[in-house]
Amino acid sequence: MRWLRLLCLLWLLSFIVLISIIWINLHKKIEYNNWIYFSKEYMIDDFTELQRIQKKNLSACVLPSLNAFSQDVKRFIKPVDIKCSVKRYGKVTKDGWYFLMPLDNNIISNVSIRYIYRHKPSKDYINEDFAVKLSDPTYVSVDEKGYFKHKLEDDFIKVDFYVNDVYHFEYHAHISYRSQEEFRKTAKKRKDVNGLGLDVVFLMIDSQSNANFHRQLKKTTPQLLKDQNTIILNGHTIVGDGTTAQLAAILIGEHEKNLPESRRSMPNSGTCDQFNFIFKDLHKAGYLTMFSEDDPQWNTFHYRLHGFNNLPTSWYLRPFWLAQNPSAKCDVEYNNILLKTFTEVFEDFPKVSLVINSAIGHNDINALQVIDDDILEIINYFKNPIRIDHTILIIFGDHGARVGEIRSTVQGKLEERLPFLSITLPPDFKIKYPKIFAALKKNSNILTSHFDIYASLQHMLSYPDLPNKTFIGQSLFTEIDPGVRTCKNSGVEDHWCPCLNYKTLSVAELMVINVTQAVVNFINGLIHKNEKAQTLCSNLTVQTILSAGLKTPKNEVTQFIKTNRNKDCDSCGVVYDTSIAQKQYYEVIFTVYPSNGAFEANADVLTDNTIVVDPNISRINLYGNQSHCILNDFPHLRPYCYCV
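Under my numbering, the first residue of the sequence shown carries the number 1, and numbering increases by one thereafter.
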């Protein structure tokens, strides 16, 4: 019996040893090509980090991380130089005088002013929103100082005169005393309105994706990124095709196809007055409003639709733009002047302004670069102490590029669906409304849509209560749950949806290892670009691969070609090309030695297995004082540098 007990004991010990060996081998480090990585379960002993990764994987929408300078699009980026060729000799003063003073020994003569009014051009149009007429001329005499001055009675004027016997004309807009009196009758002072009572300025540049903003605006984008009061919505998406669909979501809170019939090509269709614009709610609440859109032949509610019988906003600039010849760069400059005029005349009144620069960027992704200074000028204008404390500035694109060579790439299709949108808040906003500010920050990296902007405007009016209306989307002033936020409940149909299909990969896959190493090489390359930084910072090596995944755009996006007309609307039909192959993006989360820094990165693997690293690499754990040696000289390297 003794030998039987001994045999049982030996068998038990052997079993324990075997189980131990299996356990160790399941969790031990694996060496491959001299890189060391570990299984995800073995390495994550930080509970908060595990929660972060689990929460990320529970997001209902996995968004693409697009490299603004990827090889797919880099070849389309070119320098552009567009100048404003329109010369204006005169100006309108704040108190409503047209003022013209001869300069540089010019001889000015035969000065006349004509007012610009709305006009119905023919019986084919059902309103006065498609043409203008000019009043009879009023001739302006010269005073004893040689100046031409005239007190203006209306808002929009054409001025004709001769400069050294050469005919010249120019257009100006201001807010006449008559208009000011009319607007003030319905408006409330800022202190008397309910809700947040803040001014909102919408500055839209047509066809601008998030990525194109980063590519083209070398001054504006860095300023927005470093501004602690600015939030950029990195997952913001479109809801349909073209500008009308986007502005219908922002201003009406409805899909274009669900609006009352207003297409000019359809029998018995009506005007856009029948739409429930947010402007109507703003006017009831005591706000003043402004709507200025250049390039009038292509205007949002006029190119295909009937426009308006009644003025949709307090100050409506379409007659001014209809009168003159378009000039893209000059239009942006003058739109800035118009916005400043409205802002300064009604400084004490709550107001919402919508300024659209359409001509400059509609057909050329590179044209945006020529208005970098103009956009920056507006940003700085609203930082003036007079208005910084009560203004929300929203700079946005309606959609990304819809035409051109870039649109034929998968990245171009995704960019079309991911327009730029930034929200700059008053400096004390985060103190007065900490919950709203926190919600905006959290919402900045999940899927949002133009419908959320409409919901936010309604929330601004009803605050501190939530709006009592039901609408598509959710106020950005409330935290959106990424676990349930989908394209469907954001008002986005499948073929516009930027969300990626996500597949978890084994960290032992060769391509995962290769991608991780490529990212670390990229980080080391950033450090090695400067000789001094190279001597101060340690060379990083792959320590741990925590997780990996494969992100693939939906077939409805990659195979999308165009929209066409169907029974619902002019752009509700969809055309696909099923022969277009899918594109895949790798995501890796890993740590490096010697800093133990944890990073999240994305990369594109081309058909020849070339790995293109997305430069937007996130450090996802604290780096504390690790980069103290380069803090002042190379602050952009702080997430990566581990001082020697």
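Hints in this document: simulated from the structure, not taken from any laboratory.
Warning: the hint list may mix true and false statements.
[Unchecked claim] Between beta-carbon pairs, the in silico distance windows are: (1) S122 to P615: 29 to 37 Å; (2) K87 to D568: 32 to 40 Å; (3) K78 to P594: 41 to 49 Å.
[To be verified] Keeping only pairs whose Cα atoms sit at most 20 Å apart, straight-line, the calculated EDC-like set for lysine to aspartate or glutamate is: (4) K78 to D364; (5) K120 to D227; (6) K91 to E153.
Glycine residues also receive a C-beta, built at the ideal position from the N, C-alpha and C atoms.
Each hint, compared with the structure:
The given range of 29 to 37 Å is broken by S122 and P615, whose C-beta atoms sit roughly 55 Å from each other. Between K87 and D568, the C-beta spacing of about 47 Å breaks the proposed range 32 to 40 Å. Look at K78 against P594: about 43 Å separates their beta carbons, and that is inside 41 to 49 Å. Simply put, K78 and D364 have alpha-carbon atoms about 10 Å apart, close enough for the 20 Å limit, and the pair holds.
Between K120 and D227, the direct Cα distance comes to roughly 47 Å. Violation of the 20 Å bound is thereby established for this hinted pair. For a cut-off of 20 Å, the pair hint linking K91 to E153 stands: about 15 Å separates their Cα positions.
Consistency note: the structure conflicts with the earlier hints numbered 1, 2 and 5.
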